[in-house]
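Participant: The primary structure of each chain is shown beneath.
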Amino acid sequence: MARHLSGRFEVLRHRGGPGDETAHSQLRREWEQVMASGGWIGLGWPRAHGGRELPVSLQVAFHEEYARAGGPGRMGHIGETLLAPTLIDFGTPEQQQRFLPGIREGTAFWCQGYSEPGAGSDLAAIRTRCWLEGGQWHLQGQKVWTSLAHESEWIFVIARSTPGSVGREGLSFLLVPLDQPGVEIRPIRQLTGEAEFNEVFFDDACTAAECIVGAPGEGWKVAMALLGFERGLSTLGQQMHFSHELQLLVDATRARAVDRDPAIRRRIADAWIGLRTLRANALRIFARGEAAVGPEALVYKYAWSNWHRDLGELAMDVMGTAGDLQAQDDPLRRLQQVFFFSRADTIYAGTNEIQLNLIAERGLGMPRG
Amino acid sequence: MSAVLTEEQRALQETAAAYLASHANARESRDGDQDLWQGIAELGWAAVIVPEAFGGLGLGLAEAAVLLEESGRQLSRSPLFASVVLAHPLLVRCATDPACRRLLPAMAEGRCTATVIAGPGLSPFVAAAGLDIQARRDGDGWVLDGLAGQVLDGDTADMALVVARLAEGGMGLFEVAAGLAGVTCNPLEAWDLTRPQAGWQLDGVRLAAEARLDSPGALDDGLCGALAATAVLLAAEQVGGAARCIELTVAYTRERQQFGRPVASFQAVKHRCAQMMVHLESARSALGSALAASSGAALDEIAVARVQAAEAYRFCAAEAIQLHGGVGFTWEYDPQLHFKRAQWGRQWFGTPDAWRAAVADSVLGQTPDTRHHGAQHAAGTRARR
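Quick note, the sequences are listed as chains A and B, same order. Each step along the first sequence adds one to the number in my numbering, with nothing skipped, and position 367 is 367. Each step along the second sequence adds one to the number in my numbering, with nothing skipped, and position 270 is 1270.
Bear in mind the hints are in silico, worked out from the structure with no lab data behind them. Just so it is clear, the structure is predicted and the values come from calculations on it, not from any experiment. For each residue, glycine too, the CB sits at the ideal point set by N, CA and C. Everything hinted at is true.
Quick list of the computed label-pair ranges, beta carbon to beta carbon: (1) 1261(B) x 121(A): 21 to 29 angstroms; (2) 1120(B) x 257(A): 30 to 38 angstroms; (3) 257(A) x 1109(B): 56 to 64 angstroms; (4) 69(A) x 1005(B): 34 to 42 angstroms; (5) 1058(B) x 61(A): 32 to 40 angstroms; (6) 1106(B) x 54(A): 47 to 55 angstroms.
Bound conformation, chain A alone (with noise of 0.2 angstroms):
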């Protein structure tokens, strides 16, 4: 790792994933081929499907190595840890055949198109239509918050396939290609100034007919799945960039001279106590194995969300006024990037009402409002 991010990669250190995603893409891109090239990506594939079956352990140390060295957020990973899992459990030989290559090598990248306008953390509201017709699927209608939709080929979908249903059923999963006459991405501007979620609109896009997971109408039981492989091996990983921002605010308290503070000093203790905690229970997770979801897997979004929500603040309360400008340098814009987009860790992937919602109905069995 440390050998490859040099020459031209050097400048990928640290950089790229959430609140960065706009940064380098064209170079990260590349770097997927460097990854595919090294054979690291669908480590924990079955290797009938090209890849490693590594135990989880070895997926989890990798994860955490990729981060200490600085490896930057990965272009390829939602095709590479939740739609390649889904094709492998769901798809048909031939889906596998077409799709699994194009990911695992690096060259093919896929976006997820869940979120509609009105379908947020009640996801089965989804209204986006699909039909059989002339041989293909037809798609109309708009998702929406779709990450990396502008550096996509491909995207799943799903999609209401029975006319009149609602809620989870009748639902189907669609694999779509983005470069079409019938797709129109449009970047959303976020609070950042920058634009990492795009809205995707289908106006009479097609897909071919055999590009559907599962039979027409279980769509939700794909997509559900889909998500449960989302089990969070790259979880330690997440928290070494973590660390890396956590130091970097300690070198921002020195070079402000505030690390003698006493407030900041409790606020920084507290951060780093927050981190290990995380670390602990991700640690936790993963000792239980596979066999069941712990409380613990059902806190740590909403512990980790806000977790670095607080590091974002005491961040900029660091920086004092110098945190009014739009810092130049790298790791004082890190900082600022933490702050803002740190607003929308605890919306994304449930946001912490939901994550509450589901701690209090699964967690502690209270009932359903």
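Go by the hints and put chain B onto chain A.
Facilitator: This is chain B only, laid out in the frame that chain A set:
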């Protein structure tokens, strides 16, 4: 304790849960429940940390943590805390072999209970100057003087292990039996009835040479290490207490009806309960890491467990009162007992803020203000490597 309990630990947990629940005694008189301690001794729990060479079970902190979590859940009132998880680790780490051989077998059988005097609040960051008892040589023996204002189980323990400041410099560990000439014990009225305290006044207490227990140099690192080990077990007790607060609150709000529906179905109530669970599971994860590393845990690891558990317990106890509504404020319901014990536990074995300061020293370097306890901190870190 790793993230998941072993078979043996789970069996121990089940036995402890069943036994302690049948002897819930948090509201009983100062004398406590003699049967409870008798039973604990018969189950062998008084021997849990004591090495086999001294008549104990030689189990680890992880097994002690299982017991403490259950006794925390039941708010048990017994010598388990002061004797088993405070006094025993100090002897094991700091006393000479002959002293251990003489004292520990009776303690492991529960026939002799003990407590520790080592400065206000039993902080692991204490230095000799912070100790409240002084010892000077007297012929072959020693004479001890001073006032220990608040001693845990001070009115019931058979003896105190006293860490004293030596007139000649340094620290020494002494065995002082309750009722010895010159020892005056004054029972105190504590808010937390489950953690009785007494003042110990020592006026010219004469001790024979063998009452000095420590092996040379052992206290320099060992005192901090022993008190830090107790801090981890306190964290285990607090995790148990916090878990109980959530159970009580969920059960109560499911039963309590207002506006024609269970209070537990209101989102405002659910979210508070969920936040209790976030605190609890964070503390439980941190505790697991501290215990997994306990044979070689740096103080930093212990700090994480100590801070998370102390904060989780007070948060959960306070929320339990709030979410029980009016009855949560009454004597008859349990939340008040947890609230008091949670508050008690913040002040002993290093306050959460003292532990945070130690972490800040480790992350940011020391400042002139913090150099003193930082030095202790570094020493303690070395001790467990």
